[in-house]
Each structure stands twice: as structure tokens, then as C-alpha cells.
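Chains A and D, in that order, give the protein sequences.
Using our numbering, read the first sequence as starting at 1 and increasing by one per residue.
Using our numbering, read the second sequence as starting at 1 and increasing by one per residue.
Hints listed in this document are in silico derivations from the structure and should not be mistaken for laboratory results.
We treat Cβ as the ideally placed atom computed from N, Cα and C, and that holds for glycine.
One should not assume that every hint holds.
Once the Cα atoms are required to be at most 27 Å apart in a straight line, the calculated DSS-like pairs of lysine-lysine come out as [what the hints assert, rightly or not]:
id	chain 1	residue 1	chain 2	residue 2
1	A	Lys251	D	Lys111
2	D	Lys111	A	Lys167
3	A	Lys280	D	Lys80
4	A	Lys263	D	Lys118
5	D	Lys111	A	Lys263
6	A	Lys263	D	Lys56
7	A	Lys103	D	Lys161
8	A	Lys103	D	Lys38
9	A	Lys280	D	Lys56
10	A	Lys280	D	Lys58
11	D	Lys119	D	Lys86
12	D	Lys86	D	Lys38
13	D	Lys119	D	Lys22
14	A	Lys263	D	Lys22
15	D	Lys80	D	Lys111
Simulated restraints, written as ranges between beta carbons of each label pair [to be verified]:
id	chain 1	residue 1	chain 2	residue 2	range
16	D	Met101	A	Tyr79	47 to 55 Å
17	A	Gln11	D	Trp122	55 to 63 Å
18	A	Ser72	D	Gly2	32 to 40 Å
19	A	Gln11	D	Arg16	53 to 61 Å
20	D	Lys88	A	Ser162	38 to 46 Å
21	D	Asp105	A	His7	36 to 44 Å
22	A	Thr178	D	Arg157	48 to 56 Å
Stretches of chain A that chain D covers, calculated by requiring three or more beta carbons in the stretch to come under 8 Å of a beta carbon on chain D [to be verified]:
id	stretch
23	105 to 117
24	160 to 173
25	228 to 242
26	258 to 271
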Amino acid sequence: MTEKISHEEIQKVIKSVPLLSPSANQLLQATTDPDHDQGDIVQIVKLDATLTARVLKIVNSAAIGLINEITSLERAISYLGERLVVGIAVGDCAAQLFDKELKGYEGEHGDLWRHDLRTAIASREIATLSNLKINPDLAFTAGLLHDIGKSLISDYLQGTASEVLSKIENEEYGDYLTAEEELIGIDHPRAGYELALAWKLPEAITEAIRFHHTPAEAREDLRELVYAVHLGDNIAMLGGCGTGADSMHYKLDPNYSQYIELKSEELARVMLTVDVEFNKLERSFSAAGDSNQ
Amino acid sequence: MGQIILGVGDYGASNRPGEEVKTFALGSCVSVILLDPKTRTVGMVHVALPESTINKAKSLEKPGYFVDTGIPALLVEMAKFGCNPKGKGMVVKLCGGANVMDTNDTFQIGKRNGLAVKKILWKYGMGAVAEDLGGNFSRTVTVSVDTGEIILSSPGRSNWKL
Ligand SMILES: [Fe+2]
Ligand SMILES: [Fe+2]
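Isolated chain A (complex conformation) (with noise of 0.2 Å):
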């Protein structure tokens, strides 16, 4: 039996959650400004000494095979690129939320991490396709944070799950966000918009994270960055990378066409980009050790 969550209890869950660090905060601030550059954000991590340390370790790693050390931190940041800076960063401060084992979706451990960045990279590369005006960083951010709500409300959905796919079959339930609301009263995008007002982050990605399943919904200046990202979801879960057993029991709206051109080719070929790029990503992200793994 579950019970519905109050406003004061996702309250006392998000203030039990660390915040985001100054730096991480800083640099999901740059990548929302289209005008800011790499020298932004060395500036940025350069401030930050575990940051700097785990940028360098990173970029030192045996996944990445450089030959030479890399001991300055421009030259590491450009090698990298400002992504995995970001990604890092965030990946970080967050560490104890992407790695939660989401057991009321029957998710396993470091199923969320995996899916995030799957769409992130997916959201990314949607933003790259010529017609559109999306900034791809702030696309691949906006992918890395889009369920971060799932974290917090996941334990309140324990036992729930055959339950819930049995009803969203028989059509009690038009997808697994009703059922979400249904039982504990509250959806995970609500949830991660919640966190997004706590953490203060960016209004694009406070965004994204709020209406990624209903992206008609968001502001119409972001609507493009949203809908990049809800097809970003759909395209990670599609890949067989979902959170457990909500996975593809989302609503995938068709009004995308509106913003942003899509071919079913070019959606191939976004979608083996992704494997290659995320294989490539993982092993980055899993070479400096003690990550999100």
C-alpha cells in the first residue's frame, strides 16, 4: 500500500539531498549562456581543487590512452570538451542521486546514470541537426538532469511495479506518470522540477526537467530545447537503456515534428551515434575510479 506525499514531506527528501557544489552550479550557468566559451570555463573549475584534481585524473586515465600526461588544465578541458567537464562536475555533487538503485521501478544500480547519459548524448546530438537553434551543451545538461526526480520518490514506489504495468495494459492507467501521480501524488518531472527550484539551476534545464514527457506543455522559447530532450528519452529507451520497469511506458508526442525535422535515416544514424558516443563516455566516466558507477 502506498501512500500519496505530502508537499512537506518531497520538502524534507530534497533538503536531505547535498546541494549542487558553486562550481557545478557556475558551470550549468555558462553552458545556458550562448555566448560563453572554454575560457569560461576553466575559469570556473580552475577555482575548484577537487575538480581540477578529478578533470586532470580523468583526462589521465588509461580509457582515454593519451600518450603524453596531460598536467594543464586548458589543454585537459579542451581534450575532454566542455560536456564531460560539465557532466563530471555535476555527475559529482549528484553522485549519491544518479547512483541510487531505483528500487520502486525495479531499476538496477547505475541503471538511472546510464540512461541519463544515454540522453544526454541523444538530446545532443537531436540539438546538431541543422534546422534547430538549441545550444547542444545545454541539451546534453538538460539530458544528464532530465529524471533526476525519479531518485526521490523512487523508494515511495516500492512493490508497486507489476501492479502499475498490469493496469497501464488493461488502460486504468493512460502511462506510468498517472500511475506515479495515482499513487503517490506526485510525478517524477514534478519531483526533479521541485529539486531544480531548490538547486536554483538554470530555467532551460529547470525546464526540460519538468516537461520532458509533456514537452507541449513548456514555455515556448524552450520548447524546441525541451522537445530535443523528451526525444533524447524516448531514443535512450528505445537503445534498451531505461530506469527499470517504466521503461518505453511513456507517451512520445508527435507534435515534436512541429520543431524539429526528423527523418526515420537520420534517426538511425542519430541512434548509432549514441552507442558509439555513450560506449566511449561510460568508459571515461568509469576510469576515474571512485565515479558514478
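Please build the complex by placing chain D with the ligands on the supplied structure of chain A, with the hints as guidance.
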């Protein structure tokens, strides 16, 4: 007990008693399972996309990634175990090919994979005797070399047989 684990785009075969051939989390991907009663060999390929024309280089590096190169590659592999290179006498079973809910034509990758598999098999004169394709859930597949029994699993569901 030995296991052969196949990732996306991998193919493999086994005739070793007690061994299992397994692949995890098929979303829109399809697992083509070939059972050869004569040599007691089990083969499987985990294909991700219908056509290798979208990336020839990838199909050379990983033929199992695409339906049109993956099934021929599996047959070549199984021939090493003494199976008929054209698949004669083999039993075919298929699973995977899932879609997300309310999907549109473009996103029916799972359905396109299933159709492409059947088309290639038809060219070899082969047809599936059992299939569990479509739906909106991911599947993990385990095949026993001893019995040819295929067990499917998915989070939140009880295991079932194919
Ligand atoms: Fe989600
Ligand atoms: Fe997701």
C-alpha cells in the same frame, strides 16, 4: 555454467553442454535466435538497425549491428560449428522490436527491425516458428544450449518462455 553474453551488435554461437547464450535489454533491437537440432548449436545475433547502408564502415566493423549484415554473419559463424551455411534445417525464433507508447511512423524502429529480419530470413527460405515482437517493454533473453529453451525477462514482469 558458462554464459556467452552478447551486447548490441554482437553475434555468437555455442554447442557446449550446460552453456547459455544471453543478451540484455532489447528495446527496439531484435534478437534472432537460430537453433540447429542436427549439431545441437544455438546461435544469436542482437541487431539494432535494419539497414547497413546508413554506415558501411560500421557494418564492416560490427556486422551484427544491422539486420542485413547481421543475419549472414551469424550463419557464417554457425557454419564453423558444422551447421548448414544457408540455415537449412534450423529453427528460428525472434524477440524484441519494442516501441514506445503512442509512437509515430518515424519512431517505429522496433517494427522496422522486425520486418527487416523477416525479409532477410525469407530470402534464405527461413521462417520463425515462434516470436515475441513489439509491445512497449524491454526484454532480456537467455537461451539454453542443452534444451534450446528460451527464457525472457523484463523488470516488473514474471519471466516467460518463448
Ligand atoms: Fe522521465
Ligand atoms: Fe528518462
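Taking the hints in turn, this is what the structure says about them:
Using a Cα cut-off of 27 Å, the hinted pair Lys251 (chain A) and Lys111 (chain D) holds, with the two alpha carbons roughly 17 Å apart. For the hint linking Lys111 (chain D) to Lys167 (chain A), the alpha-carbon distance of about 24 Å falls within 27 Å, and the restraint holds. Taken as a hint, the Lys280 (chain A) and Lys80 (chain D) pair is broken in the structure, with Cα atoms around 32 Å apart against an allowance of 27 Å. Taken as a hint, the Lys263 (chain A) and Lys118 (chain D) pair is honoured in the structure, with Cα atoms around 23 Å apart against an allowance of 27 Å.
Distance hint between Lys111 (chain D) and Lys263 (chain A) is fulfilled; the C-alpha atoms sit about 16 Å from each other, no more than 27 Å. With a C-alpha separation of about 19 Å, the suggested pair Lys263 (chain A) and Lys56 (chain D) falls inside the 27 Å cut-off, and the hint holds. Annotation: proposed proximity of Lys103 (chain A) to Lys161 (chain D) holds, straight-line Cα distance about 25 Å (limit 27 Å). Among the hinted pairs, Lys103 (chain A) with Lys38 (chain D) is inconsistent with the structure: their alpha-carbon atoms are about 44 Å apart, more than 27 Å.
The hinted pair formed by Lys280 (chain A) and Lys56 (chain D) meets the criterion: a straight-line CA distance of about 20 Å does not exceed 27 Å. At roughly 15 Å between alpha-carbon atoms, Lys280 (chain A) and Lys58 (chain D) fall within 27 Å of each other, so this suggested pair holds. At roughly 15 Å between alpha-carbon atoms, Lys119 (chain D) and Lys86 (chain D) fall within 27 Å of each other, so this suggested pair holds. Under the criterion of a C-alpha separation no larger than 27 Å, the hint pairing Lys86 (chain D) with Lys38 (chain D) is consistent with the structure, at around 14 Å.
Distance check on the hinted pair: Lys119 (chain D) and Lys22 (chain D) sit about 24 Å apart at the alpha-carbon level, within 27 Å; holds. For the proposed pair Lys263 (chain A) and Lys22 (chain D), the alpha carbon gap of about 33 Å is over 27 Å, so the pair is violated. Straight-line distance between C-alpha atoms of Lys80 (chain D) and Lys111 (chain D) comes to about 31 Å, which puts the hinted pair past the 27 Å bound. A C-beta distance of roughly 41 Å is found between Met101 (chain D) and Tyr79 (chain A), which places it outside the suggested range of 47 to 55 Å.
For Gln11 (chain A) and Trp122 (chain D), the hinted distance range of 55 to 63 Å is satisfied, since their beta carbons lie about 59 Å from each other. At about 48 Å, the CB distance of Ser72 (chain A) to Gly2 (chain D) disagrees with the hint of 32 to 40 Å. For Gln11 (chain A) and Arg16 (chain D), the Cβ-Cβ distance of about 57 Å falls inside the hinted range of 53 to 61 Å, so the restraint holds. The hint said 38 to 46 Å for the Cβ distance between Lys88 (chain D) and Ser162 (chain A), and at roughly 42 Å that hint holds.
Taking 36 to 44 Å as the suggested C-beta distance range, the pair Asp105 (chain D) and His7 (chain A) conforms, at roughly 41 Å. Here the CB-CB span from Thr178 (chain A) to Arg157 (chain D) is close to 19 Å, at odds with the stated 48 to 56 Å. With 3 residues having a Cβ less than 8 Å from any Cβ of chain D, the stretch 105 to 117 of chain A passes the three-residue criterion, so the hint holds. A stretch counts as covered by a chain when three or more of its residues have a beta carbon under 8 Å from one of that chain; for the stretch 160 to 173 of chain A and chain D the count is 4, and the coverage holds.
Only residues whose C-beta sits within less than 8 Å of a C-beta in chain D count toward coverage, and the stretch 228 to 242 of chain A has 7 of them, enough to reach three; the restraint holds. Beta-carbon proximity to chain D at under 8 Å applies to 8 residues in the stretch 258 to 271 of chain A; the threshold of 3 is reached and the given coverage holds.
Of the hints listed earlier, those the structure fails to meet are numbers 3, 8, 14, 15, 16, 18, 22, in rising order.
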